[in-house]
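Student: Sequence:
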Amino acid sequence: MKKVLVIRFSSIGDIVLTSPVVRCLKQQAGAEVHFLTKAGFRSVVEPNPYIDRVFTIEKKVSEVLPALKAERYDFLFDLHQNLRSLQVKMALPGIRHYSFDKLNLEKWLLVQMKINQMPNLHIVDRYLQTTEILHIKNDGEGLDYFIPPADEVDTDALLRSGGTSVQLLPKNKKPDTAYVAFVIGAAHPTKRLPVDQIIDWCARINGPVILLGGPDDAERGRAIAEATGSHVVNACGKLRLHQSASVVRQARLVISHDTGLMHIAAAFRKPIWSVWGNTVPEFGMYPYYPEGMDRNRTFEVKGLKCRPCSKIGHASCPKGHFRCMQEIELEDVTLQLQP
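Going by the working numbering, the letters in the sequence shown line up with residues 695 to 1033, in that order.
Incorrect hints may have been included.
Unchecked claim - What follows is a set of in silico ranges between Cβ atoms, one per label pair, in the way DEER data are often shown:
no. : residue 1 : residue 2 : range
1   : K865      : P743      : 11 to 21 angstroms
2   : G1014     : A897      : 21 to 31 angstroms
3   : G1014     : N814      : 30 to 40 angstroms
Hints in this document: simulated from the structure, not taken from any laboratory. Glycine included, C-beta positions come from ideal geometry on N, C-alpha and C.
Based on the sequences and whatever the hints tell you, model everything.
Tutor: So this is what it looks like as structure tokens:
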């Protein structure tokens, strides 16, 4: 049995996007699959049954190098390609290693010169290309995300309580109430709709809405819920990641910015409305579904000369106008969301 190490240190969405790689390595090559990531993301990969062992670092790769050396890997697949992963590769001489091409030049050209030389290929397929030495093929099954049973949320109780009661979902129970999960958070402000637009959007939705985000989004969520009425429940900052994923899994529709929960929604084959600001789908990180399935509707402002202005995001719009979000059209939202 081949023993392989897969490296992806961060972040939530990027790690979820590596899930087809570990699944195919396990199923097609029969490999013993180990995964190296940051300690803060252990919970994302640990429930994955295709991963045999998880190694983590807090800050430095030196924390884990002795343990990695003892494993005597046959192959190393670097899906992060940064200084830390380079240090791991240099510390493990003699192991065949293959690295993901981040296409930094192509991204620079798109951001700085607005010249699109990015391949028409999703990042998942580019990750999988890294494993071709083992004759790994895309199985067409899309992404995986595994929720521990203890983190499954009773969404009916969450809705009844106005977001204050987080209870365990009884086994085999399906939600009685259909709802929309609206992921209002994102790592950078230029990837998020302004609050007034989210309020406008939520006001058009017929039926319950659960707002999802981290602790930093709690105040925004409170303002949105107060402005839109009792059909909107603010769960921002009240749920762990797996619990938020459970809410996403049970939703009838997921509205999300370019963020980790968007990819988790794709792993559950949910209909997604993806909202794009300073980043663009052309970077190759749009919702990734199984072969033959596309349940994503993209909301973006095309034709802006300043977009994309970053491959990641900014604290505020560099131009000051934020047209990439301010000008997103919402006219048919109510019609589209009729039960």
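Student: Evaluate each hint against the coordinates.
Tutor: Tested hints:
1. Taken as a hint, the range 11 to 21 angstroms holds for the pair K865 and P743, whose Cβ atoms sit roughly 19 angstroms apart.
2. For the pair G1014 and A897, the supplied restraint of 21 to 31 angstroms holds, since their beta-carbon distance comes to about 27 angstroms.
3. A C-beta distance of roughly 33 angstroms is found between G1014 and N814, which places it inside the suggested range of 30 to 40 angstroms.
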